Structures are given as C-alpha cells and as structure tokens.
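*Asks:* What follows is each chain in one-letter form.
8 protein chains.
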Amino acid sequence: MQDRSADIGFARLDLSRGSRTGFPETIYCAGKTKEQLLTILQKFEAEKIAVMGTHCSPEQFEFVRNAGVSAAYDPVSRIISASPEAHPRLPGSLAVCTGGTADLPVAEEAVRTAEFFGAEVTRFYDVGIAGLHRLLSRIEDIRQADVIIALAGMEGALPGVIAGLVSAPVIAVPTSVGYGASLQGLTPLLTMLSSCAEGISVVNIDNGFGAAVQACRILKLMEKNK
Amino acid sequence: MQDRSADIGFARLDLSRGSRTGFPETIYCAGKTKEQLLTILQKFEAEKIAVMGTHCSPEQFEFVRNAGVSAAYDPVSRIISASPEAHPRLPGSLAVCTGGTADLPVAEEAVRTAEFFGAEVTRFYDVGIAGLHRLLSRIEDIRQADVIIALAGMEGALPGVIAGLVSAPVIAVPTSVGYGASLQGLTPLLTMLSSCAEGISVVNIDNGFGAAVQACRILKLMEKNK
Amino acid sequence: MQDRSADIGFARLDLSRGSRTGFPETIYCAGKTKEQLLTILQKFEAEKIAVMGTHCSPEQFEFVRNAGVSAAYDPVSRIISASPEAHPRLPGSLAVCTGGTADLPVAEEAVRTAEFFGAEVTRFYDVGIAGLHRLLSRIEDIRQADVIIALAGMEGALPGVIAGLVSAPVIAVPTSVGYGASLQGLTPLLTMLSSCAEGISVVNIDNGFGAAVQACRILKLMEKNK
Amino acid sequence: MQDRSADIGFARLDLSRGSRTGFPETIYCAGKTKEQLLTILQKFEAEKIAVMGTHCSPEQFEFVRNAGVSAAYDPVSRIISASPEAHPRLPGSLAVCTGGTADLPVAEEAVRTAEFFGAEVTRFYDVGIAGLHRLLSRIEDIRQADVIIALAGMEGALPGVIAGLVSAPVIAVPTSVGYGASLQGLTPLLTMLSSCAEGISVVNIDNGFGAAVQACRILKLMEKNK
Amino acid sequence: MQDRSADIGFARLDLSRGSRTGFPETIYCAGKTKEQLLTILQKFEAEKIAVMGTHCSPEQFEFVRNAGVSAAYDPVSRIISASPEAHPRLPGSLAVCTGGTADLPVAEEAVRTAEFFGAEVTRFYDVGIAGLHRLLSRIEDIRQADVIIALAGMEGALPGVIAGLVSAPVIAVPTSVGYGASLQGLTPLLTMLSSCAEGISVVNIDNGFGAAVQACRILKLMEKNK
Amino acid sequence: MQDRSADIGFARLDLSRGSRTGFPETIYCAGKTKEQLLTILQKFEAEKIAVMGTHCSPEQFEFVRNAGVSAAYDPVSRIISASPEAHPRLPGSLAVCTGGTADLPVAEEAVRTAEFFGAEVTRFYDVGIAGLHRLLSRIEDIRQADVIIALAGMEGALPGVIAGLVSAPVIAVPTSVGYGASLQGLTPLLTMLSSCAEGISVVNIDNGFGAAVQACRILKLMEKNK
Amino acid sequence: MQDRSADIGFARLDLSRGSRTGFPETIYCAGKTKEQLLTILQKFEAEKIAVMGTHCSPEQFEFVRNAGVSAAYDPVSRIISASPEAHPRLPGSLAVCTGGTADLPVAEEAVRTAEFFGAEVTRFYDVGIAGLHRLLSRIEDIRQADVIIALAGMEGALPGVIAGLVSAPVIAVPTSVGYGASLQGLTPLLTMLSSCAEGISVVNIDNGFGAAVQACRILKLMEKNK
Amino acid sequence: MQDRSADIGFARLDLSRGSRTGFPETIYCAGKTKEQLLTILQKFEAEKIAVMGTHCSPEQFEFVRNAGVSAAYDPVSRIISASPEAHPRLPGSLAVCTGGTADLPVAEEAVRTAEFFGAEVTRFYDVGIAGLHRLLSRIEDIRQADVIIALAGMEGALPGVIAGLVSAPVIAVPTSVGYGASLQGLTPLLTMLSSCAEGISVVNIDNGFGAAVQACRILKLMEKNK
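Chains as they are written, first to last, in the working numbering: chain A, 1160 to 1385; chain B, 1160 to 1385; chain C, 1160 to 1385; chain D, 1160 to 1385; chain E, 1160 to 1385; chain F, 1160 to 1385; chain G, 1160 to 1385; chain H, 1160 to 1385.
The set of hints was computed from the structure by calculation and includes no laboratory data. Nothing here was measured: the structure is a model prediction, and the numbers come from that model. For each residue, glycine too, the CB sits at the ideal point set by N, CA and C. Be aware that a few hints might be false.
To spell it out: a stretch of chain D is covered by chain G in this simulated footprint if at least three of its residues, at any positions, have a beta carbon under 8 Å from a beta carbon of chain G; those stretches are [unchecked claim]: (1) 1168-1174; (2) 1302-1312; (3) 1357-1365.
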C-alpha cells in the first residue's frame, strides 16, 4: 500500500484519497473543535488538495474564515468547501427528489456534494406521494436522469414509488422529518429497506452526502465506455 | 348497567353486545382450548345469538363440528361463523385493497367479517405501489366506495397513497408479510402511522377483523340520516 | 389526472385538494422557515383558498402576521388558520375525550381542526380511567356522538374502554404525556393498537390533526344519504 | 451468614430459604435436564423440604415420577409440587383476576403457587375491560380481597382500571397473549408500568409465580399485628 | 357509584379518592400550566382536602405560593404538599434503599410521599452492590422493615439482591441514572423485572411516588388485624 | 400510462415491466400458495415472458414442475427461473464478496439473479475482516469490478472496509448470520448504514436479490455511452 | 503480510492464525453444511493444525466422524475438537462462575474452549445472587483465580457483584436463559454493560467461546514476565 | 468482611477499595451536586486517599477548587484527580486506538485514567477503517502493546479489525459519535459484541474509564510472575 497520510496528532489525514478513489477529500466536521477543523483545512490548503466538509456549523465556518482559510459555505446544507474550483465534470445526470419542503437541508447536502464532485444535478422538490399528481406530472423529467436520489421523512414511501416508475438506480435517503411513530427517521429508513420495489438501495438517515457520493461513483462508471 | 353476561367458569360471555353495539358477538379463538371454544359456541347456540370467531385453527373447527355445533369455516381467513345467517344489510359499500398476494389471508379476514356484519364488499387485490399503474387503473372504482380498507406488508405504503387519492376514510392494516427490516409487520405499522396523507387510521398488525368492524361502525352511521 | 399544483421552488402547492377531497388545504408548519411559510400562505391567499397550518410556532405566526397575512392563531393547539371563515357544516357530531389535563394541547388540535372543517364538537376532558366514575358519569353524553376521538398518554387505555361502551367508531390518539416506560407515547400507541375492544383505529402520537380529519371524513359520509 | 446450601455439582441447593424467608423452596424447571431435576427433587425429598417447581414440562414430570419421586403435577399451570402438603395458612385473602380466557395458564400458575404457600385465593376470570360491565358486576367481591393479582395480555389495561377502583395493593402480571403490536407481552408490560392509577406494581411477563410470591409476602405481614 | 368529582373545565377533580382509597389526593404537576395547578389547589383548599403534587417545578410552586395557596415545597423531590398536616400514622415501617447518590431525588420522592401518607420511613442510601460490604453491613437494619423500596439506576441489581436477603416485599424502582447501555432507565427496569429473586415487583422508571403509594397500601393492610 | 397488467383474481400481473425497466419479471414466492405460483408461472409462460422467482421452497418447485411448467431451480439460492434463457449481456462486471461461509445462500441469490439479468459475476467468498489478509490478498482482483456487492452477517463490517479500498459503488447486504447481539441481521444492517466509508448503500437483510437488481441497473448505465 | 490461507471455494481457511495469535484455529460450525464442515476439518487434518469448532450439532459431528475425521465431541457445550491434544499449558488460572444451572451449556463452552487452549479452569456453578450466601461462601476460592468468567441470564447481575469483590479482570457472558423481560439475553447483556462495578468487560449473548479466548489472551500475558 | 466505609448521609464512601482491589478510589461525578462532590473529596483528602472522578463538569471543578480542595482537572476527558501523585507503575504497556477525531474525549478519559492507575500508554488516534492504510501503517507499533483499548463510533468496526491482527486482548469502547442509524452508540456497541474476531470484550458506550480500569486489572496480572 503506497497511500500517503499526514499525522497531525489528533488525526491522520488521508492525502491520497483523491488518486485512490477519483474524488475529492471530505471531512465530517461535527465533533471536531474549531481549532482541529482549522488545522485540517490549512493542511489540505498547503497540500493544494480540494476538500469539502459536511455538518459544518456557522461558528466553525466563521472561525476558519477569520483565520484566513479561503472557503465557501452554504448555510442550508451546512457544507464548507475549502477549494471551490469543482472536480472535472462527471458524465450523465442526477435527479434529486424530495417528499416535502422540510427535507430541503438534506436534499441540498446531496445536491451541493454532487455538484462539488462534478455531477449535473436537477432538483425535483416536494413531489411526495400524499398528492400523487405532483409526482406524476414530473415523472417524465425524472426518467431522464441516469441516477436518482430520493429523500423522504415521515413514512418514507417516495423512493419506492419512484423506483417502480423508472429504470435508473435509486439511492434512497430517509430524513428525520416527522414526529412520533416516524422515530427520528428510523421509520422511513425501515420503509425504504423493506420496499417491494426493485432498484433501490439506502443510506443513513439524513445522509445526503453519502447518497451523493454513491451517485457520483455510479455516474463515474459511465466514463468507462465512452 | 343492565348488560347481561354468562359466567361459564373460565370465561364470562357478553350476551348483550349485539343490543349494545348493534353488531354480532365475536370470539378470539387463539389461546382457547378446543373444549373451551366448544362450550362458548354451544352457549351462544343455546341463546340463539349469532357469533363468529377469528384465528380459528382447522383443528378447533373440526372438534366443534364433530361435537355437533353448526358452523361454517373458511380456511383462508380462519374464520368460524356459528350462525351463518348474516346480519341485516349495512348501507354504503366497502373496498378492500391489498398490496400483494401474500396479504390475502388478512384481507379475507376483513372481507368475511364485514360480510358477516352485513356490508357490501368489493375486493381490489394486488394493487401495490411497486407497479403504480396497477393501482391507478383501478382507482376510479375504489373511489366509489364509502369506506376503504387498505392492507400492505413490507414497506406498507399503499394506504397512504390511496388516502391521498380519495375522500373516503381509509382504515389501514399492516400485515406481517415480508422479512428482515419489515420486522414482522412493525415497519408497515409505523409507516402507516407516519403517513403524511390525511384520512387514514390504523389497526393492529394482521388485524383484518378489527379493520372490518371499524369500517362497519362507520358504514352504520350512514343509516342515521336515511 | 387534472389536479392543479403550483411550483414555488421549494414546494409544489396542491391547489385542488379542496375539490378532490372536499376539505380545506392544510400545512405542516414544522421544518419550514418563516419565509417559506409566508410564501405559501400568500399564495393560498392570492388563490382565495382556505388553509390551516399545524405545529405553527408563535414566532412563525408573528412573522407572517407582520408581513400582512390575515390569519388567526391559537397558541394552545398551535394552529394557524389563514382563512378563518369555516368550511360548510358537516352532519352529525364529534366527541373529543381526554385522559388527563396534560393531553389538552393535542385535544385542542383535534377540536380546532374539526371545527375548521365544519364539525360540531363537544369536549369531554379529564375522563381518564384511573378514576372510572369520571368516565362513567359522562358516558351517556359521549354515546350521543356519531364519532369519538379519544386521547390518552401514559398507559393509553381510555380509547379501548370507551370503544367497549359505545357503538360509534373511535379514533384513538396516543399522546406523549408521561415518562419512563411510556416511551414518549410509544406505549399508549402500542396499547391502543393492541386493544381487545372493537371499533377503534389509531393515528400517530400527538396527531390530533390527523384524528380530526379522519373523523370529518367519516362524518361527511352521513351527508350521502340525507 | 449461617445459611446452608448443598453442592450437587451442577447446582448449589438453597436448603435454608424456608427458615430465611418463611416460604417453601421453589425451582425454575425450564433449562434443566430431566436428570438434573430428578437429582434436585430427590435431594429435597431426602431433606424433607417442601418444594414446588414452575415451567415443568409433562416430560419432566413423567420422568421424575417414574423415577419414584412423589410429586403432584398440574398441566395447565405446569407446576410440579413435590410435597403436596401445603404451607401453614396465611392470613387475609387474595383475588386473582384475568382479562381473558387465554390468560388462564398464567393465572393458574399464580393461583396454585399462592395456594401452595398457604393463601386463600378467589378467581375472577375473564373480567377484561372490553366489556366493562363484566368487571363492574364483580368489583364489590374483588374489593373484599386484601391483595389483588390482575393479569392481562393484549393492551394490558385491566390492572390499572382495578387499581383505581380498590384500596388494596394490585400486583400486575402482563401476559404474552395477543399478536402484532402487543409484542409478546412487552406492550401490556409497558402499559402496566405507565399506568396513571396508584397502587400497582408489576412483575415479569407471564410471571404468575412471582406475582403469587409477592402477594404472599404481603399477606404474611398481616400476621404480625395479630 | 356514588363518587364525587368536580368539573373545572380542563379537568375533573376526584373529590372522593380519600374516602375511596383511604389516602390523600395527589396531582401529577408536569404538563399542567401554572394557572391550571393553581385552580386545582385552590379547589382542594376550598374543599379542605389534603393534597400533594409530584413533578412540581420551582416556577410552579412560586406561582401558586404567590397567589396565596398555603403549601410546602421540597426542591429535591419536587413535591408540593398543599396541606402539610400529615395523614394518620400507618402501622409498620418502610425502608428506602438506594444504589447510589444520584438516585437521591427519586428516593426522596418516595420518602416524602410515604411520610405524607403517614408511614414511618428509614433511609438506607448508597448501599449499591459494587461494594457489597456497604449493603451487608446494613442488612440487619433493613430486615427490620415491613416493606422495602429499593432504587437503582445503571444495572439496577440492588432490589434483586435485597429481595434474596429479606422476607419482606420489595418494591423496585429503576432510575434513569446512568448513560449509554442503561438506556435512560430501561435497562434497570428490565433487570428488575427479570430478577430471579422472589418477592419483588416493579414500578415505572423514576416513579418514587408510585412505589411509596404501593408501599403504603401494603402497610395499611397491617391495620386490619390489629 | 400504457402499462399492461393481467388480473388473475388474487394478483395483478405486471406484463410490461420488461419493456418499462429493461429487466425480466420477478416473483416473490414466499406467502404464495403452490396453486397461485403455478397460475402465475403458467400465465407468464403463455405470454412468453422470462420470469424468475425468489424464496421458492423445494415443495413449490416440485409442484409447478410436476404440473408441467418448464423451470430451473437452484436449492442453495432458492431461485426458480421459469425461462432459463438469460437476458442480453450487460456491460461491465460485478464482484460478489462474502464475510463468511454461512452467507453463501444469500450470496448465491445475488449471483444467480445477476447472471439471470445478464451480468458477468465473479465470486469472492469468505474474505471477512477477522483475518484481514484474506481480503487484502484478493483486493486487487476485487478492484477490477465495476460494481461490488458485499455481504456480511454478525458485525457486518466487510462492506465498509471494502468501500474504503475501492472506487466502485458498493451495494451492502446484511445477512441474518449470527446470534445474540447480531439481532437476526439488524446489527449488520445498522453497521452498514452507519459506515463512515463513502460509496456504500444498503439493501434489506438477506436481500441478495435486491442487491443484484440494483447492481444490474447500475451496470446497464454503462451501455449508454458505448 | 505473509499470512497463509487456503481457498477451498466456499471458504478461505486461515492457516497461520496459530503462529499469528498463539492459539489454535477455531470454526463456527452453525450455518455450514455437513459437507463443508467435513472439507474444512479434513484440510486442517492434512495440514496437521489443531482445530476446534463451536455450535456443532450432533448431526454434523456424526457425519464427519463417519467420514473418518478423528475428532472428539462434547454434547453439552456442542464443541467438536478435531485434534484433542491440547495446546501448551497457559500460566495462571481461570474461574468460570454461573448464576444458575440453566447457564451450564454456555459455561461448558467456555470451560472446554479454555482447556483446549491450555488454561487451568475451576468451575463455580450456581452461585447466583438470589441466594447471596451461595456466592459469599465461595468467594475466597474465586479470588484465587487470575481471570474470572461470570455467566448469568435473567437479570444478569452476577458479574457485577463478583467484579466488586475481586481484583482480577471479569469477563461477563450474558446468557439467553429467562423469558419475557429478559429479552433472549438482551437484558443481562445491557445489565452487564451498565454495571457500576469496575473491572468488567462483556462478550456476546451465549458466547462462552469468546469469553474463553479473551481470558486465554489475558492469561498468556503472564508468560511474558516469567 | 472487614471493609471500611464512611457514612456521610447521602453516600457511603468505600475507604478500603484501594487495599481490596489494588487501585485508587474513583467517583462518578454526574448526578452529584457540587456540595456533595466537595464533601466526598474533602473526606478522601482527610483520609489521605488518592481519588479521581469522571464526568466532572467545569462548574463542579471550579466549585471544589474554590472551596480549597487541591485537585487537577482535564477539560477534554472531564476527569478530576484529587491526588495527582499517581499510583505505582504497572508492568507492560497499553495502546489506545481511535477510529476518528471525534472519539477523542472518550479516548482521553481512557488514557488519563490508565495513567492515573500507573499504566504506560501510547495513543494511536484516527486509525479508522475507512482508510485502512492509516491502520496498517501503524499496526506493528500497536502489536507491541500488551493490552489494547480500541474506540470507535458510527459503525464501530475498528476493534474487531484490530483484534484479528494482534494477539493481545482488545477492550472495545463504542462511542456515541455518529447520527441516525448509529443510534447514539448502540450500533457500534452491537457491532463490537457481534464481532467474529476473537479476543475482544466490550464496555459501555463512551465508557473510556471502564475500559482503562479493565486494562489495568489485566496489566497488573503481569506483576505476578515477575
């Protein structure tokens, strides 16, 4: 194994993920102190490695910006991107569909991540199944996408319904939207896993980031036979 | 309280439920010995009270029939009805919809119970959402019903989708069909409770009987303003 | 499908639910920003469509009122109703029963919703089963109702007891009142689903709104045979 | 500590529990081989110590009887009592109430244990709350008891209702009767623990034995002030 | 049923519990507004009925005191007692044992309630099983009690160990003390229910109050044979 | 919607899934009677539509074969394929990796399904992480695949470890292999969803079939840019 | 990594674990077919590598013995050992303590495994805490051990009590002995993890094998400073 | 039993744990008032007994320091040590490994505790399995340790991977790092318990302290054969 990593005491930075996986480096900002995040971003800046971070609080962003790190920040998705020049364009296209408005922050995490990784993304928001015509009126457009990310909270039925209507792979993202029996997202998670539709696989609750990376890995396959 | 009951040692039979609730007496056969079931049915026979039992095993039925009780038995729904002359006709109509073929025993428990109570029932089987056109091609007929019972296992999304397409009250029945993350019916149960659609209320897992009684109580209201 | 919807970017408003289901449009305010809620309410105002919202925080209400939206707000039920002229009167009557005083906010959500939808509602509060005479002294009045909503937290036994004493359909609402083994409402939810009483169906924890809509769908059936 | 025990290899028999706690020795037969059970019973027989065993299978009983142990067996409660001459009479009286007929085996475990320990027991079976008049018609008799054991499966509401109607301590026993949302007895267990009624404490699911011992410890207190 | 209750709109006060159960009236203060609590306490004051409330916040207490209600308040147990003259003395004695110091608020809820109900209480605090000699050095004193309340969080083993060492009934109270696998008290709850010791029954997590009432019901039995 | 379906009473067969999704029709055999399965297979045979079924018991297979249906059966994966001539070849290649030998039936379900759908599959069995060199010695071969299905029971760590070592999308399949804390597959399911590795999405417990369909949908994308 | 493994199709055998970890190779027999087990054992026999297998059914053993494999079998622990000449003697001593007789099969799995690995083991069976004198009368002998394995089902309190009485490390094994609230061993598992005693770590439910290996790894450390 | 304890009202201090277990006294500060903590520390100071406390808030520390107690405090691990002169040196060495940076507070709790108890500790931070080369590049150093503590949140796979690569005993610590399906640490807890690797035992979620004490008990064994 010739992979490089940098030991900065509290962390060992993976400096070769880009060459190993073909995608930029990413950081999970939650649970890191502001000082730790700063040190990490400065290290990548020095190495000229593009990097983005999820679950970044406004306080964390302000701290690293004030310390001179050059980074962009989107308060809805809570994504910080320390090297805004995006990744080379990926082939194909990605659709991101949500059940309701409250799923928007997680959806934007998916959209921004995929765009940072180089994907072309179209948003289809608030097409939940309680009013099926909202979905059906847009389904032809959704069918144009090569990969689909579908997010839903509460009962989480949207990804299964979409998967039955398209032939593209669907990445399902349960969200913690809802209350009571939706169990902070466990219910839509279980729903999506139990779906009797084909062509659906699932990521963690509220994990828009993970869905986007998976979608980009899939899109990247299309390069192969170009 | 002027309600009558009969003490037969291991049980106190409710002999006035018919007059109190307007519906026939019912028995939960599981957990009762064959001898206990026989004693109960004979008592009702003697009192000339119509009665049906759910969760009746073929062995239980054979035992009571051999002992001379006059009763009908449906092996799919596992319903025994000791007085097959049905209840007076209820107004309105009931639709019973299932997501898949494996939900059939629970669906038949609902259908047979509702028919025993006097309802007019139409079956809409295997209209699950994995192939949405199966549901959409029948939705106009389903909309004719005054009350809808919708059953589904696995991810349990059918009742919520139907509730968003109709204006009738939907009684949702989660079934234990599925495996793994469907958790013996807990997942469709939680799904149905978390549905963002309006006009849906839920009964216990595999409780086709309970859904039918609730549907009949609702249909009976329509008598009032005749 | 000829249903109309309005795309406002983060949401697709359902503009034809009224004509499709016979009831006013409703909004789930939690998880929406103040600005999003404002945009939605203004859109409905412009379309002259009556609308109510649940889970509306005082801050959300203040924001939309200050922005000129004409709406009423009830801080107990947290319901905002942007078009206070109520729906046409529904036939029949609805009883709303609670186990204890702490269930009051959820009960009021049910009451206010049903009244907005046009139902005639009577309150029966604090008739929980720990002191059964409180329920028994009122049961004759409760029996007059065509539909009953019964709410309870803690052990959640009230709806089952009522369902055994009446012939009307009972919509059960578990509440998150309690601590420890009541598991934020999961225990009364499971209790109500497991009830051996007949004529009971259940909605999500604290979902007074959903119970009310279901009750109104049922009451609306009584119009049919007028 | 001067307590005596006998080491028989796979087990250490407690030979002084009788003098320490005032009650006969008891054995949990499940998980023991027939040979182990025989050895234990023979040891107690040799020590002339009265002993009873719960969860004893018919096969276990047959084996030890064939091996010459003198013991009685009740197939409903699955209790073996190797020394049928009962314990000295306890003061006061015990009521054992069940919600339904299917609770009978657990109820009989409680009754037989309490009788073996010397208590006077009255049975009140099938007084569940789905038909409240069955309970109310017997409540005056139940109030005569000094201690009450109340068993219920499904939603498990009976003990709480009784506790609100009497002043005696109520020992609640959830049973595994039911299906789906009753979760093999977990739901009635949680219900009983969450009861807003006073004067109720709970034992394990299907633990009629434990309830009886607790009841007998309580009854024994009445001896003190004689 | 000749029980009296007072309808004050949001609640129906049980005015005859004292004569029915032999104990003072009690209130669960959580989930009630300050105004509701005041109204209730004033009503009982006017009826000259002794009353105590649990889960009373300092803010609630201050409000009702400022409004002129004469009541005592203990900030550790959070008990308000609006009529401090205690109930007539109960026979026998009660021991309250805790596993650790952090169980103290729940233990004091039990102690204060039992004292308000007239019981003589001895505290045995911090006798948890991690250092068994702390328990064994006090066990002879604990054995003098007629009823024992044992509280423990974390693994919750204390009540079972005590029950094996005494002949009095043990009321077990799981507390929410602990973290991680103790699951906010669910683990000690399950532990206590699963105890293989005899003579133990369990109340809800952190329910010192319920344990005390059950203990007092038991102690009251000793009056009978005086 | 121009989709065709055939109503055969207990089921509505989807006759246009092939043209809609580009893949053969599939059946979930569990929960269907032998007669129902036969009717379905005969219908597809008559329509000359290729079909395969999962969870097919040996008894079901024997019954339909004896009735004259021409179908192949693999007892390890329990897959019946009624039209063994496979689908047109898909581009790219699929690796199927298992943690241990006991995962083999689920792995074979994935392999057989993917092969039926036209994929080229390589097996990498028993490369679990308890002996990491088993995985590391094969990782270069695994990296050749365009899509990877990774199965594991017990702690379920394999897919996450692989996802960190490759750039292809990984479809993770938790299996019910294990005991105790692996909770019939729930633990590996949660593990895979919580993985901090990127490029992993998850299907239901033991759902080798679903993983294969998702993998084939992904592989099919590679056709696009040929 | 110079580790050797043998690819036998359905499995990759780890042939260097002995030299890597200092302990014999072990097999988890459950989920393997008889033929697979035979192939594995024959491979190790050919390599002259000592091996033992857990969860071996009598049928599996009979099959491999009939096929000529030379192996011993213990039906209580269900351990097969294909090379009965034990491992070199480990330093120190191990105590294996059980709460009750029903824990014996798991305890024997621990004892037999540790003995196969070369440890000196003493059994302390049935010293559960319901009768504390049974434990206290043996505690001085238990204190002589360098490592202690403590097993318990039901409430699982034994390991914590022992850990508070000794200075040796305690490996806790929850067993699935019990019913109802013991949740097939989950309750003792959670109890042991939540123990407030120090010096305790936990393995999976019924995992006597894992506890023994961990104990032997610890004992092996004592060799170092000889 | 000649163990000494001091009764200070709300607690019984164990004054002989040092001589009984060979390690310093420790306190769980959470759930204790500032005044209680002060009293305890002053008592130990007066008895000249070394003591450390976990879960100590900055406010608690400030209070006891201002009251004149001489104690050190580490804000990352939240450990207070009232007698900083450490315990006599333990033989051998301990490695503490973390999956990610967010595990640092729990890791430091383990490190600081072990150092206070006299162990030599080496930190291996951020060697999680998502980038396996980070672990593999350090594994030779980790192999030098006599005991290993491995911490991980999210999917919790690190300890199992390490246990398969070393021959030392591994103490696994699940952390509450993660979101959604990691269930506040329950998922890594279950993962570690289900690990198919050998030589791993587990402590409570976030219990760095417990892991350190167990590690020190093990290291202390190495003294024996010096």
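*Asks:* Give a verdict on every hint.
*Replies:* How the hints compare with the structure:
| no. | hint | result |
| --- | --- | --- |
| 1 | 1168-1174 | holds (count 5) |
| 2 | 1302-1312 | violated (count 0) |
| 3 | 1357-1365 | holds (count 3) |
The structure fails hint 2 only (numbered hints given earlier).
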